[in-house]
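Here is how the chains run, residue by residue.
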Amino acid sequence: MSEASTAPPKIEIHGVTKVYADGRVQALAGVDLTIDAGEFVAITGPSGCGKSTLLGLLAALDTPTAGVIRVGSYTLDRLRDANRFRRQEVGLVFQFHNLLPRLSALHNVEIAMLGSTRPHAARTEFALGLLDEVGLGHLTDRRPPQLSGGERQRVAVARALANEPSVIFADEPTGSLDSHSTDVVLRLFQRLRTDHGVTIVMVTHDEAVAAIADRTVHMLDGRIAPEGAPA
Amino acid sequence: MLTLVGADIWAKRARSAGIAFAVALAVMTVVTLTVVSSGLETAATAVLTVGKADFTVAQNGVSDLLYSNIDTGQLAQIGATPGVKSSVGVLLETEHLSAADPLFIEIGIQPDDLATFGVTVVAGTAYGATASNEVMLGWRAAQNLGLHVGDTFHANGTANRVVGIYSTGISYGDSAAMFPLPALQAYNRVPGSVSLVFVKVGPGQSSARVQRTLTANQPELTTISTLAQAGRADRNLVYLKAAVTGSTILAVVIGAIVVGNTMLLSLFERTREFGLLRAIGWGRRRVVWLVVSESLVLALVGSGLGIGLSFLVTTVLEALPQLNGVLHSNFTSGAFWHGLAVGIGMAVLGSLYPSIRAANLTPLKALSNE
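So the sequences go chain by chain: A and B. Quick note: the first sequence, position 70, residue 70 per our numbering, numbers continuous. Just add 231 to the spot in the second sequence (first one is 1) and you have our numbering.
Just chain B, same shape as in the assembly:
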């Protein structure tokens, strides 16, 4: 069977290449969208991992977690929820530092909360609680910006003295800057507000139960304990995922039509061949499998090519000045399998009708076909 599949594909090289290329284009599109959206999701939710909390509290229904707004009263109520051991309110903002760093993350947090938040000062000291022009840089950020303790960091329209370098052990947190909470609130004109609250529950307490109590008391808030939940809480990510799903379905349908059309043409040309195979005793299922196999082989080749092209395209996109620093592709095994599933889906859907037609040919009529 494999010999026949290989021979058929090789005999119509140009057409086979056409099918593989169509599959490759669809897979490339889907994989690129997937890795880009996954990158955006990772970036958007990475901050949640910095706090090392049992769960995070955000405003319910925000379009972006960075737009979450929790006031002092709500923060106090969270801290008073039964079972809560500690709650750290954090303000998150972004700053356009340069073309290479258009979405630099700034975290506003009280110095007393740094240890609970998982921050270790590795050089210099922590800023003062009410200091107005002091900043701590994550060690990665300091490295990238070429700054040290005592240097000046320009942000929020002010010159801030770097008083310390910190580490969180999380890449995202170490690539950011931390300001005293009141100072960052003042810079961004959101006094008394935080974006997220990082909560740890007391020993022996059930995180799930505490979350249920909290959201029952404060339905305007939502709790997040996994990255998947964060993806659902952030409406932008929800829309992005919906767009990726829609594009995937569209790519599969269009690809299946292209594959089906080409395979149907091939069926018309090979009517006698299928008639012969049926005449010498091939069952319908074997004929279906022959046609689907040809399509599957081309889909596998096309999927491999598409995934390779996706690497190339995302590299080029990331290097574009307009997208540099904004677009972060995140190639995961999931993206690979997604691409493969799209390719195989196209092949199976596209070859189904031609294969069934081939299987149902009447041997005598097919053999008399010129």
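In isolation and in its complexed conformation, chain A is listed as follows:
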């Protein structure tokens, strides 16, 4: 955690609840959380505790039933253009990389930049730079089926960085990887935080993976568990 930071918190969550349409499932029950700029936070907890739901709300992929979420200067319930917020402010990494199998690694990164003001040549150059940064500069023409699980996830990380986001939300990014690939991806996250100052919020059910973060937040039954509570 960046304790010495005097900057305003990057993410503020106040009293957020999420009840699904039929009203019978309360996924989140009054979550309060603050995350500083440049902080690497892991959210852990058992299956169904609401951690992925919370991440979806933070990325403006869904809307809370009640409560307020602020990410940087954006108040999410007042967002006029959630697409623009996701495109400009957020990088997403999923458990199952979600790459387009028909496109090369390079094009998978580039599609995230469509709609940006960068000219085409600059987009390509930037995407090549990102792939190089995640150690895949030699595999830019390969399509996802021609890459290993770890390599695919690194392409997904490069795609998440395509629009130079200030926050990365990663949902079980190592969930489908072997230990070596897990190690590579986690080191990549650490480097993003230290080299680029990116705020990272990572959901994981694996305590060993969570240990690499600055801070671990435990969730239980749709709430943030008090520090010291059993995970």
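Do not rely on the hints blindly, as some may be mistaken.
[As the list claims (entries may be wrong)] If the Cβ cut is set under 8 Å, some of the chain B residues that face chain A in the computed set are:
#, residue
1, Met232
2, Leu233
3, Leu235
4, Asp239
5, Ala242
6, Arg503
7, Glu504
8, Ala510
9, Ile511
10, Gly512
11, Trp513
12, Gly514
13, Arg517
14, Leu595
15, Leu598
Since the hints were derived computationally from the structure, they do not count as laboratory data. Note that CB positions come from ideal geometry on N, CA and C, so glycine has one too.
Please arrange chain B on chain A, whose structure you already have, making use of the hints.
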């Protein structure tokens, strides 16, 4: 975007080919109907260009300009209309000469009117005004029939001596034969009748005003000064055009349903992909454009194929013994654009609903789709 469109089309080659082929069939049908109807219209109205007149007068409401019937009294009244400089009455008939020439055009015209009508005798002489077995052949007709001045031309159940070869400078007129007006009237048992009257107005006279005066005095007649007007005056052509329009609309609707159905299937298979694109910040309009673009690319390919197929089909149709000499396709840039518009119309209409559905997918739900 183009890379993604190309990759998506290539990934589902069989389906893409199916859509392109459906578009091609519809475009082929529409273009073939268009060029055939255009050919018929050109043939039906070509005679109007032969007379080199300011406008032509025909009987109002006839199903075919060749069936127009104007009698001697009406012809005289036309000539007496203020502003008319000259009026040439012409009888038009068709003759089945052979299987290769089933609609040979015969023109009945007085020899005194030949110069006004724009006819130049290039070999031999003009026929006599009351000659009964004399004919002049257009130079193209003479060439096609292999006849010369002094030869015999069999038509209307009689043997006619070719006394001259003429030129009008108009392909249609040069492919016909000219008879003395009374002789052709007698052959066809329509004494005193002409089909069309070719009118020239005097110097300084307004053609439009003369036409208005003429039709006001003789409402049973109509005037034609452009080929488009001829198309409207000839009811057969009106019906034909209506049939082409109806077929075009039907082709677009059926094609759009085929395209839409296939694109919808593709949407269901690619739900996660669209969810991902929305999750990484693609706006709805961009997703709509992606789906429509795929469909447009296939439509362009299908339209090109359809237009090519139409060339092939009309060539085959024209070669059929039953249609030889009757069917004249007329490939114009208009037919090309018509075909392209049909293809694009199908693509846009067909992909509209699937694209809007794709754009409105909720990213989280779409991403969790298996």
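A quick look at each hint next to the structure:
1. Met232: 6 Å, holds
2. Leu233: At 10 Å from the nearest chain A Cβ, leucine 233 of chain B fails the 8 Å test, so the hint is violated.
3. Leu235: 6 Å, holds
4. Asp239: Holds, because the Cβ-Cβ distance from aspartate 239 of chain B to chain A comes to roughly 7 Å (cut-off 8 Å).
5. Ala242: 5 Å, holds
6. Arg503: Hint on arginine 503 of chain B: holds, closest Cβ of chain A at ~7 Å, below 8 Å.
7. Glu504: 6 Å, holds
8. Ala510: Where the cut-off is 8 Å and the nearest Cβ of chain A is about 6 Å from alanine 510 of chain B, the hint holds.
9. Ile511: At about 5 Å, which falls below the 8 Å cut-off, the nearest Cβ of chain A leaves the hint on isoleucine 511 of chain B intact, so it holds.
10. Gly512: 3 Å, holds
11. Trp513: 7 Å, holds
12. Gly514: 5 Å, holds
13. Arg517: Nearest chain A Cβ about 6 Å off; hint holds.
14. Leu595: At about 5 Å, which falls below the 8 Å cut-off, the nearest Cβ of chain A leaves the hint on leucine 595 of chain B intact, so it holds.
15. Leu598: Holds, about 7 Å.
Of the hints listed earlier, the one the structure fails to meet is number 2.
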